[in-house]
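Protein chains in written order, with this note's numbering: chain A, 159 to 438; chain B, 355 to 691.
There's no promise every hint is true.
[What the hints assert, rightly or not] Covered by chain B, according to a simulated footprint, are these stretches of chain A (three or more residues, beta-carbon under 8 angstroms): (1) 227 to 236; (2) 277 to 285; (3) 335 to 341; (4) 367 to 380.
[To be verified] Some chain A residues near chain B, calculated using beta-carbon distances under 10 angstroms: (5) 174; (6) 289; (7) 422.
Note that these hints are calculated values from the structure, not bench results. C-beta atoms are modelled at their ideal positions from N, C-alpha and C, and glycine is treated no differently.
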Amino acid sequence: MIPPILKNLLRIKKFDISVSIILFITLVGIIGPFVYTVDPTALHAPPEVPPNNKYPLGTDSYGRDLLAQLLHGIRSSLYIGLTASLISLAIGVTIGAVAGFKGGITDDSLMLVTNVVYALPSIMLMMLIAAYLKERNPLFVALIIGLTSWPWVARAVRSQLMSLKSRDFLAISRMAALSDLKIMFEDLIPNMASYIFMAFVLLMSGAMIAEAGLSMIGLGVTRGVSLGIILYWAQLLESVRRGLWWWFIPPGACLVSLATSMLLLSTSLDEYFSPRLRGR
Amino acid sequence: MSPVLRFLIRRIGFFALTFVVFTLVIFTLPRAIPGNPLSTLLSQLFQQAQANPELIRAVYKRLMDEFGVGKPLHEQFLLFISRTLKGDLGTSIAFYPRKVADIVFAYLPWSLGLLIPAVLTSWIIGNMLGALAGYKRTTALDNAMLPAFLTLSQTPYYWLAMIFLYIFAVNLGWLPIGGAYSSGRIPKLTLDFIVDMLRHYVLPYLSILLSSMGGWAIGMRSMVIYELGSDYVDYADSLGLSDSKILRYVFKNSMLPQVTGLALNFGSILGGSLITELVFNYPGTGFLLFRAISTLDYPLIQGVFMLLISTLLLANLIVDFVYAYIDPRIRTGYIGE
């Protein structure tokens with residue numbers, strides 16, 4: 159019933175731990191807002207109350223419920239992370255695959271573009287673009303992150319492809335006169351699936367951290383909550399100097415646990431798919 | 355031409371191209387995004403014109419001149435490039451009539467003074483700890499270190515900064531709660547002032563050091579593990595070479611990719627440290643950028659990025675020089691890149 163690959167993966171402790179944490183926080187973000195139906199933007203509660211029975215994570219300086227903010231924040235950070243990583247993945251895999259597959263001048267020019275974008279730090283490109291957008295909804299923020307974070311994926315996919323290209327089964331497909339597209343989708347992409355999935359996981363954790371960074375400098379979503387936006391308000395209203403630890407600790411802790419689990423997940427997959435690393 | 359020289363010329367050409375592309379991005383963005391905030395800013399300026407007509411008219415004229423409004427696009431771009439190369443980054447709106455370049459240069463030293471020592475020490479310590487963990491893999495030491503590295507590498511600098519600030523400054527009161535020196539003091543080179551400055555330096559420095567260390571350590575650890583499984587290590591082992599000698603070879607070979615990594619990650623570390631400055635009210639470019647963003651001071655925002663990217667490309671070029679010097683493959687012309 160359970161596919162054998164999953165059975166094998168479940169034997170890896172790192173895999174189990176990381177997947178459990180990711181699933182737990184994701185479920186909290188998806189289901190949480192339905193169970194705990196407090197409006198995260200309502201200013202009803204008394205301000206700056208530490209965690210208690212009525213307000214499980216306390217309230218902020220405007221009297222907003224911080225548990226409600228956290229639940230909605232996780233949800234929108236996950237949404238931004240997922241959308242951004244899919245965009246980066248699409249761009250990165252396409253450019254890397256075409257460059258590696260076609261070779262020659264196509265490869266040279268695509269890699270030149272990739273390397274130029276790679277040399278410019280993505281977080282600064284993001285800030286620069288975001289600064290010119292007056293209204294920033296979660297989709298825009300995801301787009302900005304997605305459009306600037308792909309170069310390393312393109313480079314990695316290309317180098318993977320280069321090594322695949324020298325394998326024998328590809329020569330056979332060529333002899334059978336299969337079209338480039340067919341070879342790409344039937345021979346090459348399936349062989350890189352595990353690798354692409356790992357890239358996706360890392361892109362997603364990177365995108366969520368980037369979202370928080372953008373928000374902190376004042377360029378996050380303009381309406382609504384995200385983990386970064388909670389941290390931004392906490393920073394702006396001096397929560398640290400005023401000792402309101404319940405304001406800035408939970409969103410950061412969620413972000414760090416999610417991102418660390420994703421990194422751990424990708425390492426465990428790496429160890430599983432490249433036996434050379436196993437048991438070392 | 356010697357291989358090293360050829361390598362360096364290619365890299366300089368590449369960075370020049372990158373710089374031109376970046377100026378193009380900075381030039382295009384305000385002109386390409388429809389309904390961009392610049393026009394909002396101008397209409398706001400008009401509304402305020404009653405209150406302070408003289409100043410507003412001056413700012414407006416400056417903006418129009420600097421953006422070259424009314425001229426064809428290619429002329430605007432040439433104007434922009436030639437002004438940039440002359441070091442003229444325009445005039446700030448929020449700090450009118452101060453020049454952007456002057457303002458940024460006043461803040462930049464604080465950022466670099468924080469960033470450079472933190473990056474270098476974290477790179478050195480991270481690589482050493484990573485090599486140790488890789489060498490001692492599958493022992494208790496590695497099992498304890500690896501999760502710590504993983505977590506640290508995913509911790510935003512500014513969040514660690516908030517926690518440090520909360521514990522060591524707010525709760526324990528050991529260190530000051532922000533700024534680069536106590537307010538009311540005038541920067542001068544006395545022992546008293548330097549001690550005061552260092553006390554303000556400790557927490558921001560440690561936050562950047564610790565959270566950027568994890569990434570180096572992980573990279574070095576896997577590199578060492580990879581090298582330990584290679585043929586030359588087996589060969590050296592079978593020759594009966596001592597462990598410490600083999601480890602020296604392994605360390606040398608693992609260092610090369612880490613030098614490249616230093617160049618590649620400089621930018622993201624810089625980005626993280628800009629935000630860390632905010633947490634500590636540290637008067638660097640991050641602090642300036644935040645002000646520029648919240649006042650929609652576009653010339654200043656552009657200027658900050660222009661200077662940061664220039665600094666960064668310069669740092670990358672320095673790393674390339676170092677790389678050309680230490681990588682024997684470049685010396686002998688074995689690889690071109």
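Each hint tested on the structure:
1. Given a C-beta distance limit of less than 8 angstroms, the hint that chain B covers the stretch 227 to 236 of chain A is violated, as 0 residues qualify and 3 are needed.
2. With 8 residues carrying a beta carbon less than 8 angstroms from a beta carbon of chain B, the stretch 277 to 285 of chain A meets the three-residue requirement, and the given coverage holds.
3. Under the rule that three or more residues need a Cβ within less than 8 angstroms of chain B, the assignment of the stretch 335 to 341 of chain A is violated, with 0 such residues.
4. Counting residues of the stretch 367 to 380 of chain A whose beta-carbon sits less than 8 angstroms from any beta-carbon of chain B gives 7, enough to reach three: the coverage restraint holds.
5. The beta carbon of residue 174 of chain A comes no nearer than 14 angstroms to any beta carbon in chain B, farther than 10 angstroms, and the hint placing it at the interface is violated.
6. The restraint placing residue 289 of chain A at the interface with chain B holds, with a minimum CB-CB distance near 5 angstroms, inside the 10 angstroms limit.
7. Interface restraint check for residue 422 of chain A: the shortest CB-CB distance to chain B comes to about 6 angstroms, inside 10 angstroms, so the restraint holds.
Of the hints listed earlier, those the structure fails to meet are numbers 1, 3 and 5, in rising order.
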